[in-house]
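Novice: The chain contents come next:
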Amino acid sequence: MANLSLRGIVREFGPLRVIHGIDLDVAQGEFVVFVGPSGCGKSTLLRMIAGLDRPDGGDVLIDGVRVNERRAAERGLAMVFQSYALYPHMTVRQNLAFGLENQRMAQAEIDRRIGDAARMLQIEHLLQRKPGQLSGGQRQRVAIGRTVTREPGIFLFDEPLSNLDAELRVQMRVELSALHKRLKATMIYVTHDQTEAMTMADRIVVLRGGRVEQAGSPLELYNRPANKFVAGFIGSPRMNFLDAVTREGRNVVVDDMPPLAVPAAAETSDGEPVTLGVRPEHLGFVETAGLPGTVDIVEQMGGESYVYVTLANGARLTVRRPGQTALSTGDAVRICIEGAAHLFSRAEGEPAIAPRVRA
Amino acid sequence: MSRGPAALVSRAIDWPFEALQRALGAARMPYVFVAPNLLVFGIFVAAPMILNVWYAVTGGTQLMPGDRPFVGAANFAELLDCTNHFVVATCKQDRFWRAVGNTAWFVVFQVVGLVLISLVTALILNRRMPWRGFFRAVFFYPVLLSPVVVALIWKWILQPDGVLNAVVVANGGTRIPFLLDPSWAFIWTIVVSIWAHMGFYTLILLAGLQAIPSDLYEAAEMDGTAHVRVFWRITMPLLMPNMMVVLVLALIRAVQSFDEIFVLTGGGPGTATQYIVQFIYETAFANQTHILGLAAAASMLVGGVLLVLTLLQLAASAQAKRSEAKR
Numbered sequence: 001m002a003n004l005s006l007r008g009i010v011r012e013f014g015p016l017r018v019i020h021g022i023d024l025d026v027a028q029g030e031f032v033v034f035v036g037p038s039g040c041g042k043s044t045l046l047r048m049i050a051g052l053d054r055p056d057g058g059d060v061l062i063d064g065v066r067v068n069e070r071r072a073a074e075r076g077l078a079m080v081f082q083s084y085a086l087y088p089h090m091t092v093r094q095n096l097a098f099g100l101e102n103q104r105m106a107q108a109e110i111d112r113r114i115g116d117a118a119r120m121l122q123i124e125h126l127l128q129r130k131p132g133q134l135s136g137g138q139r140q141r142v143a144i145g146r147t148v149t150r151e152p153g154i155f156l157f158d159e160p161l162s163n164l165d166a167e168l169r170v171q172m173r174v175e176l177s178a179l180h181k182r183l184k185a186t187m188i189y190v191t192h193d194q195t196e197a198m199t200m201a202d203r204i205v206v207l208r209g210g211r212v213e214q215a216g217s218p219l220e221l222y223n224r225p226a227n228k229f230v231a232g233f234i235g236s237p238r239m240n241f242l243d244a245v246t247r248e249g250r251n252v253v254v255d256d257m258p259p260l261a262v263p264a265a266a267e268t269s270d271g272e273p274v275t276l277g278v279r280p281e282h283l284g285f286v287e288t289a290g291l292p293g294t295v296d297i298v299e300q301m302g303g304e305s306y307v308y309v310t311l312a313n314g315a316r317l318t319v320r321r322p323g324q325t326a327l328s329t330g331d332a333v334r335i336c337i338e339g340a341a342h343l344f345s346r347a348e349g350e351p352a353i354a355p356r357v358r359a
Numbered sequence: 001m002s003r004g005p006a007a008l009v010s011r012a013i014d015w016p017f018e019a020l021q022r023a024l025g026a027a028r029m030p031y032v033f034v035a036p037n038l039l040v041f042g043i044f045v046a047a048p049m050i051l052n053v054w055y056a057v058t059g060g061t062q063l064m065p066g067d068r069p070f071v072g073a074a075n076f077a078e079l080l081d082c083t084n085h086f087v088v089a090t091c092k093q094d095r096f097w098r099a100v101g102n103t104a105w106f107v108v109f110q111v112v113g114l115v116l117i118s119l120v121t122a123l124i125l126n127r128r129m130p131w132r133g134f135f136r137a138v139f140f141y142p143v144l145l146s147p148v149v150v151a152l153i154w155k156w157i158l159q160p161d162g163v164l165n166a167v168v169v170a171n172g173g174t175r176i177p178f179l180l181d182p183s184w185a186f187i188w189t190i191v192v193s194i195w196a197h198m199g200f201y202t203l204i205l206l207a208g209l210q211a212i213p214s215d216l217y218e219a220a221e222m223d224g225t226a227h228v229r230v231f232w233r234i235t236m237p238l239l240m241p242n243m244m245v246v247l248v249l250a251l252i253r254a255v256q257s258f259d260e261i262f263v264l265t266g267g268g269p270g271t272a273t274q275y276i277v278q279f280i281y282e283t284a285f286a287n288q289t290h291i292l293g294l295a296a297a298a299s300m301l302v303g304g305v306l307l308v309l310t311l312l313q314l315a316a317s318a319q320a321k322r323s324e325a326k327r
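These protein sequence lines map, in sequence, to chains A and B.
Quick note on numbering: the working numbering labels position 208 of the first sequence as 208, and the sequence is numbered without any gaps.
Quick note on numbering: the working numbering labels position 5 of the second sequence as 5, and the sequence is numbered without any gaps.
Be aware that one or more of the hints could be misleading.
In silico DMTMM-like links for lysine to aspartate or glutamate, alpha-carbon gap of 25 Å or less [unchecked claim]:
| no. | chain 1 | residue 1 | chain 2 | residue 2 |
| --- | --- | --- | --- | --- |
| 1 | A | Lys130 | B | Asp161 |
| 2 | A | Lys181 | A | Asp116 |
| 3 | A | Lys181 | A | Asp63 |
| 4 | A | Lys181 | A | Asp25 |
| 5 | A | Lys130 | B | Glu282 |
| 6 | A | Lys130 | A | Asp165 |
Derived CB-CB ranges, DEER-like [said to hold, decoys possible]:
| no. | chain 1 | residue 1 | chain 2 | residue 2 | range |
| --- | --- | --- | --- | --- | --- |
| 7 | B | Leu8 | A | Arg316 | 55 to 63 Å |
| 8 | A | Ala108 | B | Ser317 | 40 to 48 Å |
| 9 | A | Gly132 | B | Val167 | 47 to 55 Å |
| 10 | B | Val163 | A | Gly57 | 48 to 56 Å |
| 11 | B | Gly113 | A | Gly132 | 29 to 37 Å |
Partner residues are not named here, just some residues of chain A that face chain B (Cβ under 10 Å, in silico) [claimed, not checked]:
| no. | residue |
| --- | --- |
| 12 | Gly51 |
| 13 | Arg54 |
| 14 | Pro88 |
| 15 | Leu100 |
| 16 | Tyr306 |
Worth flagging that the hints you see were computed from the coordinates, not collected in a lab.
Just so it is clear, CB atoms sit at the ideal spot from N, CA and C, and this is done for glycine as well.
Same shape as in the complex, but just chain B (with noise of 0.2 Å):
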């Protein structure tokens, strides 16, 4: 064995796992190896989503599961409890049908402007310009901030005394509460988000358009093809494959969304931008009485949307990967 402080240490790790070996068998040691992770995960993710499955069918406000009541699927029956459907105040949980009404536009919105955007900079940022590497840092930027700065950053842009509406005053306007009045709330969510995430799908899409082949540009060049004709016949039917994986993948994340619109807004005002997750998270843990089984089943109900997007996306990257094959 060679010497050396390198040498020192991975002696000092190599004794307990050689050890370990002796005392398992060298079959054993994957597992020993899995462990630490799939201990995170059990305790994190799977045991969460399987002790979810019971609160969501039990009853009461007790918190130790073996306390709680069966109720079987009232907690659902209670959340789809509307005597018309259609009009949100006869629900018996209006505010889960008002979460679910805000997320639907929030995702409409949302979805669509994210992936306009992160086209239309991909575009550009795919075009030979000067900076071209300095601005595609830029545009990816928000995504490595923390959601609670994001929507910090922005409060401090929004809030009545804030930098916008100083300029909008400064420009001889009145100030704009921004972050007070119902619809510029909703609009300004919306922004926020998109602003925060586009880089993400900025760079999939420049991905996608860098991977088109020069050659079937220079060729459409040669037949004479307008740009616009280039850009719907060429450019968009080979970036489709990325653009439906961006698609699904926004849609989930959209439905998701919690964290920054959560500081920005706190869901307010009223409950303007409240969406679905943060419905579940204060009906189980802020609200004065913690329902915990109306959460789990709410959040049961979303869980089974984001399942069938996910399923969506999966299909979506295994058609962009055949395609790639092909090409």
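For reference, chain A alone in the conformation it holds in the complex (with noise of 0.2 Å):
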């Protein structure tokens, strides 16, 4: 088990500069989720962390030891590739043995390391085949696999899930988490899914552009989200988004509609232009006031339903009401703020007037 502290780390490719000074600490034990969207940078830092590549500024520490001119083999890590990065031409026993034969180690240990991980990984009974013979799950244990052998002080995976189905991915997702718990080691993942991030993660940074939107629990990013960017990133279905102005400390107006009561809007001054971020489940339907608008799709998933509405002044919006709905395309409805309400400030765009939530 280790830690890992990165302390301004700069990544520029020519004279394009993609990593902006980032400072992070993953405390040992840590499960710490990158995610972002692609080009956000998350996977450059991952490769900076493995030593696949070396920064330009900034120092990479792993338990406070400056390691960015080490080699990635020393620096006690391992780590799984999308594409998985299995030799096809050896059996899955040789794949697992072959970085403990880098180290000399005694075959009695690589017997014992392997028999353990596979035991876990439930790859007993593939350790003769080749890669080619094994399904894309299989594969991702092989891989697992390959890094549990390693005994690493942290273990890092490159958006490992994304070449799996999505019933196998929500599947490993959870035995990845057995996984963390069980071995209670240190864990650095990158992935483009919200939906990983906020299933796996202890922290989730959220990166955009090469720097850190922010960095926080699962709920916190979901609850309190620093900015507009994270507000829509965090979240399935995505946050809705309207442009409003703030009215009377209590309500913001959305064009000429009727206006809307948000707490939230009490520490602004009146008339301020912002964006009104509200999240699909807390939408509800009224009789009177509230946003008028019209159903243009129902997706009825049994547990739950998603409403979508077409706004008088053209703006779409997602609902997500627990249960069954009766509505259908068409119908008229009235739309309100049944829970947290957020406002970003519109100009320059994110950095927010501060996260507002109301109690």
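Please dock the two separately framed chains into a single complex, following the hints provided.
Specialist: Right, here's the structure in full:
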């Protein structure tokens, strides 16, 4: 088990700066997920931690020791690649043993570690097969097994589930969480999928354009997003955004529609242009007042329903209701806020007026 | 129909084919399109091959097939007739056996050298380096040259008052008869042949190297694998299908070597660089008496060897395709 610190990490590709001075501490045994859209620098950051890439500025510290110049193998890390990167011409056993043989480990110890990892990941019956003869999920297990046998200080995962089908992804998510609890290992996991981040992370680091937008526990990010980007990225379906103006300390007005009660607006000056952010699960329907609109489409999931509404001003909203709904396409509805609402400054976009939540 | 020169041209081409199709029916049209190629193949490949079999089992010096007396396997018997098969001088056709021996040694050295040099070149060209595209082109360039041009370039370099000897003399050495000394001439036929063909094999190996996912090298790096071990345990096994293709192709083409060597050394000095295809050519066409039967029989023997090598090549590329699919 090891801890990791990043100090002012900068990475440039030619004239293009892709990582803009990132500082981060990962505690021993923590499961940290880097999440962000493609091109946000999350994989580059992981590769610099791994030692497959070198930062142009800043320091990588493992257990307080600067490791910038250390080769990947000497950092005590192990990595699961997106493609799994299993050696196709070797059997599963040879794949698991390869890295250990490099360390000139005793054969008995290699056998013990392979045996333990294979048992834990339920791949004992696959040891004599080659990767080409395995299913995607089995390859995934072998790739994880290869890292487990190394007994690394930190596990690194680079979008490991993106090649699996939806069902298997859910299953592997659960297994990875279980593996983390069992090994109590430090894990750093890169994904573009906010669901993976929400379900597995002790702490999520949201990246965009090579900068940390926000770092915190999944619920912190969900409840108190630092800005509009994080608010839109975390949570599924996505948060609804409406351009609005604050009014009379308690309300916001969207175009000429009836004012909406948003207590957070109390902290703003009157008449300030803002972006109102409300999660689909925090919207509801009312008989009077509220924002008038028309139902476009209703998705009945059985346990819950998604209602897609176009407002009178043309803006589109997603409303998520528990259970089943009687609404159908074309129905006139009025929408109110039934939970947390967030106000973001409209000028410059993101850095909010400060995220505000209705108590 | 549209106007313009293109339309005019296409109409001019169209009408004879349309007339033909009306006459023959659409079902027979594919044969019309295949016919020109088939004709060329028939005249220059298939017919000579069949004729060759007839020449191989007939004797005499007559050119017309009908005039030639049937002799059965006598030509083969003469080629294989030796009192001691380990001593070339005891063979009735010692020039044949000398050519076979020369070819065998040539093939061994040329193929091993060619494959190793192509591999090293491909490994270097696969690295990130400045001017990589330029160097890839440079190494491929000789493949584009006509064999006669290749031979003339090297003759100009290797002749007694050639470029290489100028360098030797300038450095205080004495002239070396590169093409007049049997050992030197043999070595230079190998060098020139490797130089002329390595670009092609480098290209195949380079393609193989680039097909190896970079992830595997990164995984090996994370695994702390030494460079030598990466090469032997990852690069080589994954390059093996391409290596097999290269090996067998190089073998086949080495056995067939003729043109650039014939122009470079003419098979000499003596018979030091006379290889099997040259023996066949000279026996049939260049010597004073044209012993067609013997040449035909010899070419059938070579054909048998090439057939085996070609089957090996087919098997190798089939295996390459299979492992490609598995990746």
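Novice: Now, for every hint given, state plainly whether the structure supports it.
Specialist: Checked hints:
no.: 1; hint: Lys130(A) - Asp161(B); result: violated (60 Å)
no.: 2; hint: Lys181(A) - Asp116(A); result: holds (16 Å)
no.: 3; hint: Lys181(A) - Asp63(A); result: holds (21 Å)
no.: 4; hint: Lys181(A) - Asp25(A); result: holds (20 Å)
no.: 5; hint: Lys130(A) - Glu282(B); result: violated (54 Å)
no.: 6; hint: Lys130(A) - Asp165(A); result: holds (21 Å)
no.: 7; hint: Leu8(B) - Arg316(A): 55 to 63 Å; result: holds (57 Å)
no.: 8; hint: Ala108(A) - Ser317(B): 40 to 48 Å; result: holds (43 Å)
no.: 9; hint: Gly132(A) - Val167(B): 47 to 55 Å; result: holds (53 Å)
no.: 10; hint: Val163(B) - Gly57(A): 48 to 56 Å; result: holds (53 Å)
no.: 11; hint: Gly113(B) - Gly132(A): 29 to 37 Å; result: holds (34 Å)
no.: 12; hint: Gly51; result: holds (8 Å)
no.: 13; hint: Arg54; result: violated (13 Å)
no.: 14; hint: Pro88; result: holds (6 Å)
no.: 15; hint: Leu100; result: holds (9 Å)
no.: 16; hint: Tyr306; result: violated (38 Å)
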